[in-house]
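Number of protein chains: 6
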Amino acid sequence: MRPSGRQPDQLREIRLQRNYTRHAEGSVLVAFGDTQVLCNASVEAGVPRWLRGKNQGWVTAEYGMLPRATHTRGGREATRGKQGGRTLEIQRLIGRSLRAAVDLKKLGEFTITVDCDVIQADGGTRTASITGGCVALVDAIRHMQRKKQIKSDPFKQLVSSVSVGIFKGTPVVDLDYPEDSGADTDMNVVMTQDGGLIEVQGTAEAAPFFRGELDAMLDLAEGAGQQLFAAQSDALDIRH
Amino acid sequence: MRPSGRQPDQLREIRLQRNYTRHAEGSVLVAFGDTQVLCNASVEAGVPRWLRGKNQGWVTAEYGMLPRATHTRGGREATRGKQGGRTLEIQRLIGRSLRAAVDLKKLGEFTITVDCDVIQADGGTRTASITGGCVALVDAIRHMQRKKQIKSDPFKQLVSSVSVGIFKGTPVVDLDYPEDSGADTDMNVVMTQDGGLIEVQGTAEAAPFFRGELDAMLDLAEGAGQQLFAAQSDALDIRH
Amino acid sequence: MRPSGRQPDQLREIRLQRNYTRHAEGSVLVAFGDTQVLCNASVEAGVPRWLRGKNQGWVTAEYGMLPRATHTRGGREATRGKQGGRTLEIQRLIGRSLRAAVDLKKLGEFTITVDCDVIQADGGTRTASITGGCVALVDAIRHMQRKKQIKSDPFKQLVSSVSVGIFKGTPVVDLDYPEDSGADTDMNVVMTQDGGLIEVQGTAEAAPFFRGELDAMLDLAEGAGQQLFAAQSDALDIRH
Amino acid sequence: MRPSGRQPDQLREIRLQRNYTRHAEGSVLVAFGDTQVLCNASVEAGVPRWLRGKNQGWVTAEYGMLPRATHTRGGREATRGKQGGRTLEIQRLIGRSLRAAVDLKKLGEFTITVDCDVIQADGGTRTASITGGCVALVDAIRHMQRKKQIKSDPFKQLVSSVSVGIFKGTPVVDLDYPEDSGADTDMNVVMTQDGGLIEVQGTAEAAPFFRGELDAMLDLAEGAGQQLFAAQSDALDIRH
Amino acid sequence: MRPSGRQPDQLREIRLQRNYTRHAEGSVLVAFGDTQVLCNASVEAGVPRWLRGKNQGWVTAEYGMLPRATHTRGGREATRGKQGGRTLEIQRLIGRSLRAAVDLKKLGEFTITVDCDVIQADGGTRTASITGGCVALVDAIRHMQRKKQIKSDPFKQLVSSVSVGIFKGTPVVDLDYPEDSGADTDMNVVMTQDGGLIEVQGTAEAAPFFRGELDAMLDLAEGAGQQLFAAQSDALDIRH
Amino acid sequence: MRPSGRQPDQLREIRLQRNYTRHAEGSVLVAFGDTQVLCNASVEAGVPRWLRGKNQGWVTAEYGMLPRATHTRGGREATRGKQGGRTLEIQRLIGRSLRAAVDLKKLGEFTITVDCDVIQADGGTRTASITGGCVALVDAIRHMQRKKQIKSDPFKQLVSSVSVGIFKGTPVVDLDYPEDSGADTDMNVVMTQDGGLIEVQGTAEAAPFFRGELDAMLDLAEGAGQQLFAAQSDALDIRH
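Protein chains in written order, with the working numbering: chain A, 144 to 383; chain B, 144 to 383; chain C, 144 to 383; chain D, 144 to 383; chain E, 144 to 383; chain F, 144 to 383.
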């Protein structure tokens with residue numbers, strides 16, 4: 144039995160609240176149960192130096208956790224003077240994942256930065272960030288279209304993400320913190336609507352995992368993906 | 144006339160939402176109109192090195208602004224590798240102000256850190272942080288009492304803060320961003336319930352200000368203080 | 144009684160020694176009693192990036208304390224790898240104050256940086272820095288005029304600063320270190336010759352202060368200001 | 144056809160040269176073709192602060208690339224003042240992978256740090272680092288046993304790693320730089336001798352990948368794993 | 144007697160292995176006995192900002208030590224976030240020394256960076272770096288000539304370096320680590336083929352040294368220089 | 144002819160003003176002509192971690208240059224976030240040199256830090272720092288003796304330093320800035336009273352130098368040393 148009483152294939156309640164703050168071109172508060180992440184997508188003219196003159200845009204992400212998003216207070220990275228390895232790894236993952244949603248050639252020389260700041264953490268902050276960040280990204284693109292900053296539509300497809308794992312021998316989906324910290328294996332999967340995989344990152348915690356377990360976890364992720372794409376589509380009023 | 148149509152002595156709508164996140168011992172989302180700050184008070188055993196063995200506690204604050212709390216995206220301080228001068232100045236002010244609410248001797252060897260993270264900015268983030276942070280601080284102290292971490296009550300008095308300024312020649316209270324960026328003089332006042340002053344920080348922006356203007360601004364702050372203390376008391380269910 | 148035997152409204156001996164070092168366009172060693180600060184004003188062509196093309200100049204300040212300016216050695220900020228919050232706060236205050244002495248539009252695209260380095264500290268280093276820095280700034284402007292770098296005169300008015308406080312219940316002016324560390328309230332006031340206020344920063348140390356005390360402190364500051372302006376004018380050979 | 148002319152399931156020449164430098168307790172130069180990584184395992188008494196008193200050891204890794212290990216010179220991270228996100232991500236992966244080879248409880252309060260420094264890069268530096276680092280780790284453990292620093296044997300199993308990917312539509316193993324930079328999908332797999340998986344990290348580069356492709360890549364990795372374990376065992380004179 | 148059994152004027156075995164890695168324009172593994180340094184010379188178009196438009200090139204060096212090049216593991220400078228004082232001092236010395244080998248005017252607006260990374264340390268890493276780095280530099284220049292990046296030949300003369308010292312009262316050459324750590328005086332000498340001196344850096348460790356000792360050490364360095372120039376010439380196939 | 148009109152063997156006017164500031168245990172303003180350095184020696188209980196329990200003391204130095212000590216303003220190292228290579232090199236040299244003046248075993252577990260801050264620079268700041276720093280060091284030792292912090296006298300001998308160089312073909316002593324920037328060779332020599340050498344650091348600037356020139360420069364340094372020791376002795380009221 145899962146600590147939360149959920150079925151192995153049952154997601155937590157997923158909420159996607161658009162227009163959460165008023166300044167960002169896209170602003171989404173995403174909740175996977177008690178995990179809450181504010182995803183703000185900002186549009187800025189110009190691209191990083193290494194992309195200049197290549198006639199394309201860029202999508203990137205930054206990730207942060209408020210110091211008391213967690214059970215015990217974590218040091219503020221701005222105070223420590225650098226982002227930790229975990230933070231850098233997560234924001235690189237979010238950025239790569241969101242770029243799969245966009246045709247950078249059609250974006251023009253603009254950069255969209257998706258800031259994912261964790262207000263409250265209960266496991267799965269990176270998967271919530273990707274899922275919510277994609278909705279904010281679509282809103283930012285729609286804003287650019289309304290402002291006539293771009294002519295064609297750079298949006299390609301929705302991208303969502305969920306964690307799966309082996310908890311006490313059973314494959315489960317969308318691990319919360321108690322499961323996450325006790326799981327034998329933890330895997331984050333980033334998916335497209337047509338069943339494609341963008342990222343698969345599985346890590347053995349206590350013991351190696353095997354091909355059969357990997358397959359069971361991927362099956363769970365696939366099922367969850369359909370629900371996440373539905374939630375994103377509903378939030379965005381896209382028919383699905 | 145003020146851009147918002149408010150009277151010179153009229154505060155924006157003040158909201159103080161307690162228990163906003165679930166991990167912090169005190170967690171308050173404070174809103175001064177469109178300015179929203181999440182104030183999380185964390186209790187940790189121990190004190191900074193320079194206070195060890197002095198048989199007292201410590202109250203400190205950290206301040207941050209989410210990158211897209213503002214009209215245009217500001218760089219993430221964790222990415223830039225240090226907190227800017229404005230951030231350090233504000234968090235020092237918040238810490239000093241909140242220490243006036245507490246008898247550090249009665250706090251025991253505990254540190255309460257109040258993290259003030261600006262979700263959305265529209266002027267007055269430091270005054271909102273102090274006003275909301277004080278409520279979170281009281282909640283954290285109450286939590287310590289319930290947990291029997293302290294015997295006597297270290298809470299001394301409520302502390303609140305408001306900005307006042309000279310806008311187009313007229314003294315006004317609780318400046319929002321359009322007023323703040325156009326004011327001739329900007330002053331932040333931190334107050335106690337009995338009419339005492341904790342901090343007075345007035346800055347001439349375009350032109351010097353004079354004693355008469357200073358007096359008018361302090362009068363406005365005093366009036367606003369009574370409303371802020373009422374709002375804090377209501378939120379905390381303290382009779383007033 | 145004050146530890147130094149001074150009257151409540153009595154300043155320490157003020158000295159302003161111009162041309163103290165030979166390279167800077169303005170170089171003043173200022174002493175408020177045993178507090179000694181070397182203020183060097185440097186003229187450089189160009190302005191910060193965010194001011195380019197706006198057809199104006201810039202005045203800024205940097206502040207530092209030699210490691211053994213104080214009773215016990217303080218760590219060198221260059222060795223620690225960053226300026227502390229107190230340093231940043233002080234140099235921002237000095238910069239804002241000195242900008243009130245200058246019409247930036249008439250300065251042309253030049254930057255004047257006033258470096259205030261504390262040789263010996265005995266309380267009031269920031270007020271001495273502003274008072275001495277203003278003299279160095281005037282010298283730098285005069286140098287620019289002699290070199291024909293500017294045509295009109297950007298100098299608007301002298302700016303001086305003094306600390307006031309409540310020490311053992313009595314309002315006093317120009318606190319030295321023993322007073323500063325024992326004061327109930329400490330306030331720094333930055334003034335113009337015509338009685339205008341540029342900055343008022345009052346902080347309750349042990350207990351809140353009240354409007355009557357604030358008024359008494361401002362009266363003291365005003366009186367001191369007249370003496371400081373006279374000292375600056377004498378040093379600069381300006382009739383007053 | 145692969146640029147190197149290799150078969151899809153053909154590894155580059157694998158070399159594992161032990162005792163490469165003389166100071167480290169384990170020192171292995173590993174080559175996957177033209178990719179050369181020096182893996183030095185250092186034994187130090189003590190564990191990180193957060194593990195003290197828990198009666199166990201720790202295994203960690205650090206990764207670096209010599210500035211001219213690549214086609215064009217990359218900036219030295221020590222000069223830039225921090226390790227980049229890619230570096231941190233890789234060294235965290237190496238550390239997690241190598242910990243799967245060791246029973247930390249049996250290691251006692253010792254830390255083994257495996258430094259993986261890339262002398263020459265041609266794709267697959269992280270997989271070479273894990274494969275070579277594991278051999279250095281075993282040598283360091285054997286050294287501890289000879290020195291009687293530990294009584295029981297903390298070594299559990301060999302760990303090896305290989306990259307697989309989809310290059311021009313075909314699943315291939317052990318991608319060199321030309322393949323790596325042109326691959327549609329890139330996946331790093333960390334394995335144990337009994338067919339277990341420690342890490343699976345697959346990334347879609349140009350287009351999503353699908354379950355069938357994932358399976359084909361994992362099959363390739365499994366086959367390569369057997370050859371890598373054989374190479375490690377040969378180098379260590381372990382019968383297999 | 145020297146710990147290694149060498150004669151006072153006897154160098155360790157000197158090896159200079161060119162083309163050690165394949166990407167750098169010049170790549171030399173230099174060994175002074177057990178001290179091994181990889182010297183990679185990289186050619187890049189452009190010069191540092193302060194040299195732009197001066198119609199000349201630049202030669203610079205960076206130095207690093209692999210964490211376990213030494214008896215006990217040294218912290219990785221990239222992890223600590225800065226290069227230490229010893230590192231900076233050494234790389235400045237190497238850069239100054241190598242610039243003596245080149246006519247910067249004839250180099251055109253190119254920068255050659257010589258990275259000296261110590262694979263294994265046994266004393267004399269800076270002298271080995273200069274001696275090996277000069278060979279890598281010549282190879283990089285020859286590469287530029289073959290690529291027609293320059294027309295005239297900027298190479299002026301070979302530069303080599305050796306340490307000399309007073310060990311147990313006797314002047315000796317090319318100190319290894321046991322001698323280096325026990326020497327009374329340690330001196331590094333950088334020389335040109337015609338007997339010129341580029342750098343002389345002598346340091347008294349336990350006791351002052353005298354003119355007679357200085358002379359004896361310089362005599363030893365001169366003799367060693369001839370052998371080092373021969374080794375460099377042989378490696379480069381220059382007749383001598 | 145030297146730009147200053149001095150004879151080749153003529154020092155600039157040397158001044159050593161003791162008790163320059165009031166807090167430091169030793170405080171000396173040293174002037175070599177227009178080069179002025181404030182040398183403050185601070186005594187602190189305890190030694191660096193790596194010396195603890197070894198029953199000895201430590202002497203170290205830190206060096207800084209006020210931003211406008213030079214012709215054009217140099218960036219403040221505290222603002223840039225790190226000490227530059229030149230600074231680190233100089234303060235390491237000063238520290239090593241001053242340690243030659245002291246028997247660390249007799250110093251007890253105390254650290255003396257000599258801060259050398261350049262008020263005005265005109266060449267030779269490091270040699271002035273060593274010469275003045277030694278006088279401040281002696282004062283700090285005398286202070287410790289008066290305070291009974293040490294029983295025996297750790298002072299061994301005076302240490303002084305001077306620069307020598309080849310300027311327009313002629314060996315000269317104590318180079319000022321115009322000479323320093325135009326010299327063919329620049330050498331800093333650190334000496335003891337009995338004719339011993341502590342450091343010899345010679346650098347060819349434009350062209351190599353030869354043994355004869357080295358000898359001539361050392362002769363000049365020796366002569367200057369006698370005058371510097373006399374000046375130090377006079378300042379300290381030591382008979383000589």
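Take these hints with a grain of salt, some might be off.
Label-pair distances were calculated between CB atoms; the ranges are [claimed, not checked]: (1) B:ARG195 / C:ASP380: 49 to 57 Å; (2) F:GLU252 / B:LYS248: 50 to 58 Å; (3) C:ARG158 / B:HIS286: 49 to 57 Å.
It is worth saying that the hints were derived from the structure and are not from the lab.
Every residue gets a Cβ at the ideal spot worked out from N, C-alpha and C, and that includes glycine.
Taking the hints in turn, this is what the structure says about them:
1. At about 55 Å, the beta-carbon gap between B:ARG195 and C:ASP380 stays in the expected band of 49 to 57 Å.
2. At about 34 Å, the beta-carbon gap between F:GLU252 and B:LYS248 misses the expected band of 50 to 58 Å.
3. For the pair C:ARG158 and B:HIS286, the supplied restraint of 49 to 57 Å holds, since their beta-carbon distance comes to about 55 Å.
Checked against the numbered hints given earlier, this structure breaks only hint 2.
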